[in-house]
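Participant: For reference, the chains in residue letters:
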Amino acid sequence: MTEHSSEDLKHTPLDALHRELGAKMVGFAGYDMPVQYTGIIAEHTHTREQCGLFDVSHMGQAEITGSNPIGALESMVPGDLAALADGQMRYTMLTNDDGGILDDLMVTRRGDNLFVIVNAACKDADFAHIAAGLGDGNQLEIMPDLGLLALQGPKAAEVLGRFAPDCQAMSFMTAQPLTIGDIPCVVSRSGYSGEDGYEISVPADQAEALARLLLGEEEVMAAGLGARDSLRLEAGLCLYGSDIDETTTPIEAGLIWTISKRRRAEGGFPGASVIQEQIENGVKRKRVGILPDGKAPARAHTEVADKDGNIIGEVSSGGFGPTVGGPIAIGYVKTEFIKADTPVDLMVRGKPNPGKVVKMPFAEHHYFKG
Amino acid sequence: MSMKYSKEHEWVLIEGDSATVGITNYAQEQLGDVVFVEVPDAGKAVDKGDEVAVVESVKAASEIYAPISGEVSEGNATLEDAPATINSNAEGDGWIFKMSIGDASELDELMDAAAYADHVAGLE
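Listed in order, the protein sequences are those of chains A and B.
The first sequence runs 93 to 462 under our numbering.
The second sequence runs 21 to 144 under our numbering.
Treat the hints loosely; a few may be bogus.
Here's a subset of chain A near chain B, in silico, CB distances under 7 Å, partners left out [unchecked claim]: (1) 128; (2) 129; (3) 131; (4) 132; (5) 133; (6) 318; (7) 322; (8) 387; (9) 388; (10) 389.
Calculated directly from the structure, the hints in this document are not laboratory data.
Even for Gly, the Cβ is constructed at its ideal location relative to N, Cα and C.
For reference, chain A alone in the conformation it holds in the complex (with noise of 0.2 Å):
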């Protein structure tokens, strides 16, 4: 039941600092990385209340330039990237030709060019193929040498806001450089709690120091991958390899919100006859929020069954809310089933355990829209 560190495991800039705080630390995506430090519930419920300092920076940072760098991307993801304002981001995806999920990712454009945030786990294969689809006169710079931390939660804005008081007028995904106690950051306002917060792109080698700042402040505690996914969880929040990949598309996940009209119209992205056939004739299955009536969570895989005992879907991620204070779920099911308050079965080691399904989020989003 235990993960042992392995010596081949890459490491973060915070690595020594993750140690000195006692983090147990777990193997994820090839990265050492904290999964908790004084323990999941406790750093989950502090971030939804004051909040939490994440180290992510395992995630995959990188800019694209040249002659047309939104042409280029919009050419890969459905997400409208030529109505980006400068410092405006965007939550897109890349898709592939059955118009199913390479990776989900961030794009902030930034005067001409544009800065993406791609999960830790594919950013090997997302960079190759940004780079092969870009065509000429665009290039992929990739930034190893940038770490990334997360300040989450409703305390987040008063904190940052005494090193950098111009962060606290920054409106939901938009980002800005600014300078965090001498230190040169890009700072966006957007994360993966639910919560108000940012994301704080920051030079590796400076990245301990901002994290110490931070940590620093009364409000501040350092909170793990436990409790980045517990709060994703309860967000609704989509986590790549469960909930999305390629067998999901935009439309199945009900992630046609990023996608607009003008996208859904013109296409050209991977897939796009696929999804727009999905948005006209509907999908036979789509991701739903699941409540389970117990306190038994039902884990990623768990089939889900209708009352007559067939079974109409599978959760793709659950386990336990701490600020609902029982488990939820994530789940596909067929698309006759979706209206909230349907009764489901989840079998759970063999058993049916009753629930319904729920409108998401699970924990009400608190996103500052300024």
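Given chain A's structure and the hints, the job is docking chain B onto it.
Facilitator: Showing chain B alone in chain A's frame:
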């Protein structure tokens, strides 16, 4: 009355012909916050190595295997409402089930406290 330990990080408190079983403090530290425990019903007959209970942390579910053969006489019902008792008192109030000792010779295959401490030290 004696305390024995399994390689799977269970403790077994032997009192006459019955045994109380739980997970060790080391095990609960590894698991982290326990949020759900499925305890066995009284009367369940188990062979050594059978899956008999489940302890779930925020992150994952861990099966608990019967450290010896016998019949379950009681599951710890208080864990239903207070699963975190396993975190606060793994080797006391956080016991998971009680069972009869079907074959006393199986006890010899379990470790004493010193051997278990060595076992844990070898994992770190």
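Participant: Now look at each hint and say whether the structure bears it out.
Facilitator: Here is what the structure says about each hint:
1. 128: Hint on residue 128(A): holds, closest Cβ of chain B at ~6 Å, below 7 Å.
2. 129: 11 Å, violated
3. 131: 5 Å, holds
4. 132: 4 Å, holds
5. 133: 4 Å, holds
6. 318: 6 Å, holds
7. 322: At 6 Å from the nearest chain B Cβ, residue 322(A) passes the 7 Å test, so the hint holds.
8. 387: It holds, given that the least Cβ distance between residue 387(A) and chain B is near 5 Å, below 7 Å.
9. 388: With a minimum Cβ separation of about 5 Å from chain B (threshold 7 Å), the hint on residue 388(A) holds.
10. 389: 5 Å, holds
Hint compliance for this structure: hint 2 is the single one not met.
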